[in-house]
Amino acid sequence: MPRERAAARGPATLLLVLFLLGMCASFMALKAKTDTIVRKKVPGSSIIYIPSGKFLKYATFGYSALAADLIYLWAIQYYSTPTIDDRFDHLDHVFAIIADLDPAYLDPYETGALIATAEARDIKLAFKILDNGFAKNPKEWLLPFEAGHIAMMDLKDYDLARQYFEKCMNLPGAPDFTRRLYANALYKRGDLETSWQTWLEIYNTAPDERTKKIASNHLYQVKSAIDTNRLKDAVGKFQERAGRLPEELADLVRAGILDKLPQDLDGQDYVYDPKTGGVKAATSPWKR
Amino acid sequence: MGDAIRIENLKKSFRLGFIPKTREILKGISFSVKEGEIFGYLGPNGAGKTTTIKCLLGLIFPDAGTIEIFGQPHLASRARQALGFLPENPYFYDYLTATEFLAFYADLFGLAREEKNERIARLLKLVGLERAASLRLRKYSRGMLQRVGLAQALINDPKLVILDEPLGGMDPLGRKEIRDIIVRFKDEGKTVFFTSHILQDIEMICDHVAIIVGGRVVKQGALQDLVSEKVLFTELTVSGVPPEAFRGLGEGLSVQGDRVFLKILEAGRVDDALALVREKNGKVVSLSPRTETLEDIFVETVTGQ
Amino acid sequence: MRIWAIAGITFKEAKRDRILYLLFFFAAVAILASRVLAILTVGDRVKIIKDVGLASISIFGVLMAVLIGTSLVYKEIDKKTIFTLLSKPLHRAEFILGKFFGLVLTLLVMTAGMSLIFLVIVYLHTFRIEWTMLVAIAYIFLELVLVTAVAILFSSFSTPILSSIFSLAFYLIGHLSWGLELLIKKMSAGAGRTAAQFLYMFLPDLENFNFKTEVVHNLPIPAGIYLSSFLYGVFYTAFILALAVIIFRRRDFI
Chain A
0 MPRERAAARG PATLLLVLFL LGMCASFMAL KAKTDTIVRK KVPGSSIIYI
50 PSGKFLKYAT FGYSALAADL IYLWAIQYYS TPTIDDRFDH LDHVFAIIAD
100 LDPAYLDPYE TGALIATAEA RDIKLAFKIL DNGFAKNPKE WLLPFEAGHI
150 AMMDLKDYDL ARQYFEKCMN LPGAPDFTRR LYANALYKRG DLETSWQTWL
200 EIYNTAPDER TKKIASNHLY QVKSAIDTNR LKDAVGKFQE RAGRLPEELA
250 DLVRAGILDK LPQDLDGQDY VYDPKTGGVK AATSPWKR
Chain B
0 MGDAIRIENL KKSFRLGFIP KTREILKGIS FSVKEGEIFG YLGPNGAGKT
50 TTIKCLLGLI FPDAGTIEIF GQPHLASRAR QALGFLPENP YFYDYLTATE
100 FLAFYADLFG LAREEKNERI ARLLKLVGLE RAASLRLRKY SRGMLQRVGL
150 AQALINDPKL VILDEPLGGM DPLGRKEIRD IIVRFKDEGK TVFFTSHILQ
200 DIEMICDHVA IIVGGRVVKQ GALQDLVSEK VLFTELTVSG VPPEAFRGLG
250 EGLSVQGDRV FLKILEAGRV DDALALVREK NGKVVSLSPR TETLEDIFVE
300 TVTGQ
Chain C
0 MRIWAIAGIT FKEAKRDRIL YLLFFFAAVA ILASRVLAIL TVGDRVKIIK
50 DVGLASISIF GVLMAVLIGT SLVYKEIDKK TIFTLLSKPL HRAEFILGKF
100 FGLVLTLLVM TAGMSLIFLV IVYLHTFRIE WTMLVAIAYI FLELVLVTAV
150 AILFSSFSTP ILSSIFSLAF YLIGHLSWGL ELLIKKMSAG AGRTAAQFLY
200 MFLPDLENFN FKTEVVHNLP IPAGIYLSSF LYGVFYTAFI LALAVIIFRR
250 RDFI
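Same order as they appear, the protein sequences are chains A, B and C. All residue numbers for the first sequence refer to numbering that gives the first Met the number 0, where the first residue is 0 and numbers rise by one. All residue numbers for the second sequence refer to numbering that gives the first Met the number 0, where the first residue is 0 and numbers rise by one. All residue numbers for the third sequence refer to numbering that gives the first Met the number 0, where the first residue is 0 and numbers rise by one.
No lab work stands behind these hints, which were simulated from the structure alone. For every residue, glycine included, the Cβ atom is placed at its ideal position computed from N, Cα and C. Any given hint could be a false lead.
Unchecked claim - DEER-style ranges, computed between Cβ atoms:
hint, chain 1, residue 1, chain 2, residue 2, range
1, B, Met203, C, Lys79, 53 to 63 Å
2, C, Tyr122, A, Leu105, 46 to 56 Å
3, A, Ile122, C, Leu107, 29 to 39 Å
4, C, Lys79, A, Ser79, 31 to 41 Å
5, B, Arg141, C, Leu182, 57 to 67 Å
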């Protein structure tokens, strides 16, 4: 190798090698020094005129998936930098680009929605991202699941949640609990009949004891709701007719408003408070 | 007079190929060139002539051996200042004109402007390129490139001129011109070291010769020592004498018109033949003793190895 | 001096290379095209022109340095013009340095040309001469000088195609130094991290010469970095050239 033979020859080569090492040490030291100098970084400023994802897809010559990866990686770093105040201004655009470049890449949809909900507080955008993802990947249960979750937790829009869970529960690979979430959303929305049907189905097809118990508890809850509503209605009718609250639930039967008193899933009677006219279940569904 | 070049036990191997296989090119070359002489370096292709020259010039670093130029180590600056080199099949920057080209090399030697211009003009005249001086080298013929290369080799007025196949590819007139220039170098006190395949030229101008075969110097010495004066045969051309008269005197009798060609092997018979011509009142057109030529020596040496 | 003699003919040779003018043409087109691109933006038009202009000077400058630099020494060896040259009392180091300075001179002329076009276009939009642009361009040029040294280094022992690939790789690695820094932050302590740290300090950080963002957005540039980056460039270039000389010195020209 040339270097070995050079080293065997003369003082000039020695000087050169020393010079080489000296320069190396110098520039490494300078790099250390330069690193300490803080430069104002505005990494996001150039997003303003990054063209649309469609254009980028052609511009990246078939490496669009790679480009998607790189932009996604960059985006994660960018959005985790708390010092950039206006970083959420183009959240939509950035994740739209990633989606255009690699529509089947699922992580960015979730991450984008997460950032939108938790940090940017723009729930509409989260739905937009997830809807877009689902439109491009109609077999992925995770995306509508996430959307339903957000609808349930953050928006408390149970109808919307119901729609999303309904979408995802029948998709391949969807776990059992998606069905349960659907049923629960129905309940929360007030769609008690359908909720009861769904919970019954879950109960009957439960693969293990735990699921059966959960389903049973929910069935109890739904039945209680149905029954207590009926009872409350009946109490109201009684009050109309008699001008006063019944003293006990049996009065309703005597008055002919109800055929018989409904009982909860465990066969217990409902509890009636004659002072307020309120009806409730004997037990909490979760403490059975 | 000292040695212009002194090479002792020069060895060089190359590691070639992807799986390095060592090939020994120079196996211990030793020879010396005296100042002021013209030295011819001969050998078959692949013997190591060009490798020797490249070692001499510092283009290749030898594995072993010593090389001295005018008593200096060959890589010393003073040694380099004293030599000029013309490579085989020279190729130069073809976008330069001859003048610009020589000016560049003159700058490398740090010649002052006046001296530079004067010398360039003189050299162009010497090699016969004055009229083509402002033409770009791209337009030069092979012979012209050879001449401008020679001019470049002389730009520093070197004491030692090294030429690798200087006469290759030139027409007979060109070869004569170069030969004359080389002889003129000797008259100016320069030393010339060159390689060539054209043995007649070497025979014509060299003082000393070395023959290298298979990486070794197998024969060297003064040309006149190597080539004996022994006459191999004599060629005689006569006219005005009937051919039958010469029968028995020699071999290879042939007739053309009124001329008779005769090849006489024995020296003594030549006198007999001449006497016969005088007797018959004929005319001797030519008498050429054919001695051993360098080509004979060369072929004998090379095939003997 | 001998180095300048070689630099002189290298300059003469380089400016005859048609690639130079082709790239210059593309750079000019790109800078002019930024004018058209600007119409498509919503918002600040001048920023696009400045960004595209500076990027063009940078990219095309690097291409010039690499494409011409990688053939510079190789051509001499291949065409054997180097034989007559190196048999003169010329140090091999002088040869390398001469080639280097010749090419740097060529790039200086080309960069000046591209910059002129750029500044004119910017002037036509802002009716001001933006002197800060020159700061960015000056450091772009310093980056080009370093890339030139690298191209010549590879040219002295490798074919033009391989040399180009290595040189462009050097450029790419130089701009991804921040990636290595990020990676190191996420590594746990150990031999791997120490090796990575050494690599981080040794590999070039070409972002040190990148003031494009600051200049375009009128951000303040900390004073210390001018000298720091300049010296970094000088020392790294010297390192590369020393390496080239060491490799070239003991080379046999078969």
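Outcome of the hint check:
no., hint, result
1, B:Met203 <-> C:Lys79: 53 to 63 Å, "violated (29 Å)"
2, C:Tyr122 <-> A:Leu105: 46 to 56 Å, "holds (49 Å)"
3, A:Ile122 <-> C:Leu107: 29 to 39 Å, "violated (56 Å)"
4, C:Lys79 <-> A:Ser79: 31 to 41 Å, "violated (58 Å)"
5, B:Arg141 <-> C:Leu182: 57 to 67 Å, "holds (60 Å)"
Checked against the numbered hints listed earlier, the structure breaks hints 1, 3 and 4; every other hint is satisfied.
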